[in-house]
Amino acid sequence: MKGFCLRAKSESEDCIKTYIMKVQKQFGKKVKFVRHDGAREFATNSLKDFYEDEGIEQQTTVPYAHQTNGTAERAIRTIVTIGRSMLHHAKLDKCFWAEAAMTAIYVKNRLPSPKIEHKTPFEIVYKSKPSVKHMRVFGCRTYILTSKEKRLKWDPKARAGLFLGYEEVSKAYRLYDIEAGQVVISRDVNFDESTFGLSPTISDEDVDDLDFESLDIDNDAQEPPE
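Residue numbering for the sequence shown follows the working numbering, starting at 1 and increasing by one per position.
Don't take each hint at face value.
[As the list claims (entries may be wrong)] Straight-line alpha carbon distances no greater than 20 Å define the calculated EDC-like cross-link-like pairs of lysine to aspartate or glutamate that follow:
| # | residue 1 | residue 2 |
| --- | --- | --- |
| 1 | 2 | 168 |
| 2 | 127 | 149 |
| 3 | 157 | 123 |
| 4 | 29 | 52 |
| 5 | 17 | 53 |
| 6 | 30 | 73 |
| 7 | 32 | 54 |
| 8 | 2 | 123 |
| 9 | 17 | 52 |
| 10 | 2 | 52 |
| 11 | 171 | 188 |
| 12 | 91 | 192 |
| 13 | 171 | 155 |
| 14 | 94 | 177 |
| 15 | 29 | 54 |
| 16 | 2 | 41 |
In case anyone wonders, no lab produced these hints; they're calculated from the structure.
Taking the hints into account, I'd like the entire structure generated from these sequences.
Rendered as structure tokens:
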């Protein structure tokens, strides 16, 4: 399963084209057909030309009959349910829905399924079991190490954050820097999996006593295409 969080529907076209070309190049196989609900962003003239050039059959479902695209609808419903539960457990606002959804997909791709002989989707695609030793509880408190090069003499060793997910390109963690109010990427993190939400953080003195370990995320395989 693969998911994308777009800022606008107009981004759909480039996203679809890029992903199809990536999958075909990575696995050396042609995409045979694309099925969608007929929405405008999925049926532009440019996309139609792209499908024709690539020899891809375009299939549309019956309007207002979501069951005709049951596999995709069930997958979306599952991810929304998991993501909502993760946000609730982590005491986070729904503004973090995209991070929750992407992390839910990441986790689901690494869970065994009875539909594929109790193997994981990751294993089916890459013929090897995924590593889970790096996985952490969504939304838990983190302390993000500030590198010595960026840290002044009297600055704290780390800054408080929240764990949001996994950055696979750089094999690192996605974290919300509470003070800066933005998402950052880091491999040097201390996790407190018993604390959630934007509650008070520990003192700078206690931060200096924390142990930090640089972790590699996953094995060398890439994320499953679908």
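Checked hints:
1. 2 / 168: holds (13 Å)
2. 127 / 149: Status violated; Cα separation ~41 Å.
3. 157 / 123: violated (39 Å)
4. 29 / 52: holds (16 Å)
5. 17 / 53: holds (12 Å)
6. 30 / 73: violated (24 Å)
7. 32 / 54: holds (9 Å)
8. 2 / 123: holds (15 Å)
9. 17 / 52: Cα-Cα ~12 Å, so holds.
10. 2 / 52: violated (23 Å)
11. 171 / 188: holds (11 Å)
12. 91 / 192: Measuring from Cα to Cα gives roughly 15 Å; hence the hint holds.
13. 171 / 155: violated (27 Å)
14. 94 / 177: holds (17 Å)
15. 29 / 54: holds (12 Å)
16. 2 / 41: Holds - the C-alpha atoms of residue 41 and residue 2 are around 18 Å apart, at most 20 Å.
Checked against the numbered hints above, the structure breaks hints 2, 3, 6, 10 and 13 and satisfies the rest.
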